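These are the residues of each chain, in order.
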Amino acid sequence: MNALLIAHNTFREAVRDRVLAGLVVAGFALLALTRIASPLAMGEDLRLTVDLGLSGITWLGMIVVLMVGSSLVAKEIDRRTIFNLLSRPLPRSVYLFGKWAGLAGALSLVALVLAAALGAVVLLMGHAEYLPSIAQAAYLACLELAVVTSLAVLFSALSTPVLSALYTLGLFLAGQWCEDLRRFATQAPEGLRTLLETVANLLPNLPLFDIRTIAAGAQTTSPEHLALATVYAALYSGCVLLLGSAAFESRDFK
Amino acid sequence: MSTLVWELAPVRRRMLLAWAGAIVLGAAAFQLAAYAARTLPARPPFEELAYYPSGQALRPATLGHAETAADLAWLRAVQYYGEHRRSDLRFLQLEHVFDVLTSLAPGFESPYVFGAFALAQEGRDFEAAERLLRKGIERNPASGRLAFELGFLHYVRPGGRDLHAAAEWFERSTHLPGHPPTAARFAAFARQHSGNLLVALALWNQVRETTDNRFLRDIAEREVLRIQEAIATGRREHAVRRLTTPQVLLLPQ
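So the sequence lines, in the order shown, correspond to chains G and U.
If you're matching positions, the first sequence starts at 1 in my numbering and goes up one per residue.
If you're matching positions, the second sequence starts at 255 in my numbering and goes up one per residue.
Bound-form chain G, shown alone (with noise of 0.2 Å):
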């Protein structure tokens, strides 16, 4: 319950923040622009306009993140206003757990309207045919920024923003790096090899999250791929949260 209060105030103060708006605004234009950009695209308009919308999706939600979210709590901190929650019988973790949920809830707001965006463009081209990958994609996407938004949240309990952002970016190159780093893991010599995909399972496996590239040509992913994506996504965030939790109950506000 207590959660749910956090998480419905931190929805509440992302989705009233004029960053979200402008981001929202942004990937509007993004889509005009491909559409403007069309005649130069040699026949390959809708793929540019699916890819880039998609595309959009995620890096305006990953602007959110790091402008909003590894400043999460660190903001509260600032203000003094954490004191007035954390001096109530309210686990530190249940305080991070409601701060996550509001801001992936306010990213899949975000993820969702301009999904539906690009739908409605994709619709009016006459390719109906697309709407399944996208809505796929879109979900995929709202995946990859929960996991992210928790890695924010867990630098933001620990650290100023500036640093927090910088260790969420730094996570976030290097998970979608991941798949190469197995790939370069099946060439390297055995030892090698055990620790490059062991480190490649212990980043985050956001290549899991992207079907762009088969969306773009109107096809969609294996229901099976998306259960293994939801259950990752919640084992990986409840991971990093608990982590965070941890380090969180163990930092002194004196």
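Misleading hints may appear alongside valid ones.
[What the hints assert, rightly or not] With beta-carbon atoms standing in for the labels, derived distance ranges: (1) U:R292 / G:T81: 45 to 51 Å; (2) G:L173 / U:P295: 21 to 27 Å; (3) U:G361 / G:I77: 48 to 54 Å; (4) U:R330 / G:A37: 36 to 42 Å; (5) G:A37 / U:Q333: 29 to 35 Å; (6) U:A274 / G:A21: 39 to 45 Å; (7) G:L163 / U:Q333: 31 to 37 Å; (8) U:P360 / G:R12: 53 to 59 Å; (9) U:R385 / G:L173: 48 to 54 Å; (10) G:A21 / U:T322: 35 to 41 Å; (11) G:T81 / U:A281: 56 to 62 Å; (12) G:A32 / U:P434: 43 to 49 Å; (13) U:T436 / G:P189: 35 to 41 Å.
[What the hints assert, rightly or not] Chain U side only, calculated, beta carbon under 8 Å to chain G, not exhaustive: (14) A263; (15) V265; (16) W273; (17) G275; (18) A288; (19) L294; (20) F368.
It is worth saying that the hints were derived from the structure and are not from the lab.
Just so you know, these numbers come straight off a predicted model, no measurement behind them.
For glycine and all other residues, C-beta sits at the position ideal for the given N, C-alpha and C.
Go by the hints and put chain U onto chain G.
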């Protein structure tokens, strides 16, 4: 064990439980990541390197780090070559990749040489190979190495040597810094077997007089005698050999 945990102070207990939960969930996520990598089909690649930007457009985006970007592009180019050399032997984006790379770092000579020979031999696109090396020479007019390599490209041209062009570039390279020590010999050899005996004679004489290499001097002396005899007897075939046609045999590895 559980009683021990409950006897701890609440903060410590919550911390311990959080750590335990994190480890359990983390281990599950770890296993799931490995399982997903094993079972899910690999993502289909984009049309390979189709989005690789042009070098000129990329240069400003490197914010003054064009050389570093060129190094990364070089790594990618070599990988691209290796991947296709080991698989389908199709090099559709090779010229584009090397064009980007050499636009980023015009003074970086290795990509011109490597790219040109890969294009000519594996890519079977001699015109593109020549274009790349000529671009290098245009950007590095004082490079003896690039001039020599363009001569060598003509010398081993798949499907038919162009000894005249080869000799032209070999000779030019001998006047430039950085040419390999064998450039003069190659120039003389190419001139001789393209049928230009008088120039070949002058070049072999030059090799004989300037080289410190005993074996090379012997070769030069032998060729000078051979050419002089051919000119004196009017039997050109005595000095001019019909060289075999270079062929490239490629097998997937």
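Exercise for the section: Confirm or reject the claim that R292 of chain U and T81 of chain G have a C-beta distance inside 45 to 51 Å. Expected result: 46 Å, holds
Problem - Cut-off 8 Å, beta-carbon criterion: hint that W273 of chain U touches chain G - result: 5 Å, holds
Exercise for the section: Confirm or reject the claim that L163 of chain G and Q333 of chain U have a C-beta distance inside 31 to 37 Å. Expected result: With a Cβ separation near 34 Å, L163 of chain G and Q333 of chain U satisfy 31 to 37 Å, so the hint holds.
Practice task
Hold the hint about A288 of chain U up to the distance rule: shortest CB distance to chain G must be less than 8 Å.
Solution key: 5 Å, holds
Handout entry: Range hint 35 to 41 Å (beta carbons of T436 of chain U and P189 of chain G) holds or violated
Key = 38 Å, holds
Problem - Beta-carbon spacing of A21 of chain G to T322 of chain U - inside the hinted bounds 35 to 41 Å or not - result: 37 Å, holds
Problem - Cut-off 8 Å, beta-carbon criterion: hint that V265 of chain U touches chain G - result: With a closest approach of 6 Å, the V265 of chain U hint holds.
Handout entry: Assessment of proposed distance window 36 to 42 Å (beta carbons of R330 of chain U, A37 of chain G)
Key = 26 Å, violated
Problem - Residue hint G275 of chain U, partner chain G, criterion CB-CB below 8 Å - result: Where the cut-off is 8 Å and the nearest Cβ of chain G is about 4 Å from G275 of chain U, the hint holds.
Handout entry: Assessment of proposed distance window 39 to 45 Å (beta carbons of A274 of chain U, A21 of chain G)
Key = At roughly 41 Å between Cβ atoms, A21 of chain G and A274 of chain U fall inside 39 to 45 Å, so the hint holds.
Handout entry: Restraint satisfaction for A263 of chain U [CB to CB of chain G, less than 8 Å]
Key = A263 of chain U check fails; min Cβ-Cβ to chain G is 11 Å, beyond 8 Å.
Problem - Satisfaction of the hinted span 53 to 59 Å by the C-beta atoms belonging to P360 of chain U and R12 of chain G - result: 56 Å, holds
Of the hints listed earlier, those the structure fails to meet are numbers 4, 9, 11, 12, 14 and 20, in rising order.
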